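Asks: Listed below are the residues making up each chain.
2 protein chains.
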Amino acid sequence: MASAESSDGSIPIIGGTGALGYGLALRWAQAGLGIVIGSRSVERATEAAVRVRSAVPGATVEGLGNDDAARSGAIVFLTVPFRAQSETLNNLRDALEPGQLLVDCTVPLAAAVSGRATRSLGVWQGSAAQQAQEMVPEGVTVVSALHSVGAPVLSDLGTELDEDTLVCGDKKADKARVAALIQRIPGLRAVNAGPLETARIAEQLTPLLISINARYKTHAGIRVTGLPEGELWT
Amino acid sequence: MASAESSDGSIPIIGGTGALGYGLALRWAQAGLGIVIGSRSVERATEAAVRVRSAVPGATVEGLGNDDAARSGAIVFLTVPFRAQSETLNNLRDALEPGQLLVDCTVPLAAAVSGRATRSLGVWQGSAAQQAQEMVPEGVTVVSALHSVGAPVLSDLGTELDEDTLVCGDKKADKARVAALIQRIPGLRAVNAGPLETARIAEQLTPLLISINARYKTHAGIRVTGLPEGELWT
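Protein chains in written order, with numbering that gives the first Met the number 0: chain A, 0 to 233; chain B, 0 to 233.
The set of hints was computed from the structure by calculation and includes no laboratory data. Bear in mind that the values here come from a model prediction, so they are computed numbers and not experimental data. Backbone N, C-alpha and C fix where the C-beta goes; we use that ideal spot for every residue, glycine too. Check each hint, because a few of them may be wrong.
As the list claims (entries may be wrong) - Which residues of chain B face chain A? A partial, calculated answer using Cβ under 10 angstroms: (1) Glu162; (2) Asp163; (3) Gly193; (4) Pro194; (5) Arg199; (6) Ala201; (7) Pro206; (8) Ser210; (9) Tyr215; (10) Leu231.
Stated by the list, open to error - Listed below are several chain A residues computed to face chain B (Cβ distance under 7 angstroms; list not exhaustive): (11) Glu162; (12) Gly193; (13) Leu207; (14) Gly225; (15) Leu226.
Extracted from the complex, chain A is given alone in its bound form:
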């Protein structure tokens, strides 16, 4: 398995044809990282990879089925809609291996059951991330991140990012590896928000920002003030 941190490794993005996953693919491609876009449909994954290469000439990106994508890197990003999270993780049971990190970016918006995007669903385990941790094979560790970063902003390479993302997980070392990848995207800072259970709150930032977006016709993000300058992960 390629290391996601090595310069020639790849970052698998499960659901990478969706808005968030595709935006991340663009930004990481621009930063020179290799990407594997995963989709239920290999055709759509391949199409998305072509679009990334067209937007970022020279990008190292390929499109694969979700299971092959999940095998292609140590740190796997899950960017499917909440509606598809459970089914996707079921389908990945044979693909994910002990030692991998799964970065869950899903948010239980009520929109998943035709409710409002400014409201959220109660998840039995407490958060989408905790549901993911329950579903992944033993030895796979879930980290939760990237809830509050808007897909439209990510996808518009002309927009400079200037915001934070909260990272929740039970081990700081795991979070730091994820943070290092996230911070390869210029203008995006990763903040250690606590254990995985704190995803219960971090996931709620999405409906909150959607509510703020509606009021100000913008794509809002979050900054945590009062943090020390410089490196947050030493």
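Given the coordinates of chain A, work out where chain B should sit on it, guided by the hints.
Replies: Relative to the frame of chain A, chain B by itself:
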């Protein structure tokens, strides 16, 4: 009843001897606004008023029982701990009058029932603010704000604020009146976060920031990025 917006009006702070209420009193006193500190104990309210005058010479501040305090201004701030919210509102039933705004700042931290301050309680109505709206006399409107502003930062007049506070409420005009008072504190920007039900999320920022504070040994706050420059309440 004095108008809270007029230059000679007063801002009642119920629970103003507590950390958050006292910090707000200091900041508003410094901004030249009149304050009425409310407490169950008139003595403690009076003592707190003396302390404010000592920290901010020339401050217009007095200490009263909660019920008399609640009668002294159009916009009443409720800054008691969640544990005391329900009892306090019961006791204010004859003091609050139709047309008043009650700004609920309480947060249902699990610490209220000897749990962790990084966790929160589920409130039947959805949020502390919605519980407050259920309990106030008819004609009193609840607005929710100031959850993420740290009391230690407010109380340290040497620290310049540089953060936002989310304001939730069902009518923009009510929120705008509250925002105008909040923004009398330099460095504090009030952001329209949506209807009162959004307090379910805004209240969760407190345990989130407490979790971040523990990791970075700081007093963190929140900034919403991507908002238009300038006035947010036109």
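Asks: A separate judgement is required for each hint: does it hold in the structure or not?
Replies: Status of the hints after comparison with the structure:
no.: 1; hint: Glu162; verdict: 5 angstroms, holds
no.: 2; hint: Asp163; verdict: 8 angstroms, holds
no.: 3; hint: Gly193; verdict: 4 angstroms, holds
no.: 4; hint: Pro194; verdict: 8 angstroms, holds
no.: 5; hint: Arg199; verdict: 8 angstroms, holds
no.: 6; hint: Ala201; verdict: 7 angstroms, holds
no.: 7; hint: Pro206; verdict: 6 angstroms, holds
no.: 8; hint: Ser210; verdict: 4 angstroms, holds
no.: 9; hint: Tyr215; verdict: 5 angstroms, holds
no.: 10; hint: Leu231; verdict: 7 angstroms, holds
no.: 11; hint: Glu162; verdict: 5 angstroms, holds
no.: 12; hint: Gly193; verdict: 4 angstroms, holds
no.: 13; hint: Leu207; verdict: 4 angstroms, holds
no.: 14; hint: Gly225; verdict: 4 angstroms, holds
no.: 15; hint: Leu226; verdict: 5 angstroms, holds
Going through the hint list in order, the structure satisfies each hint without exception.
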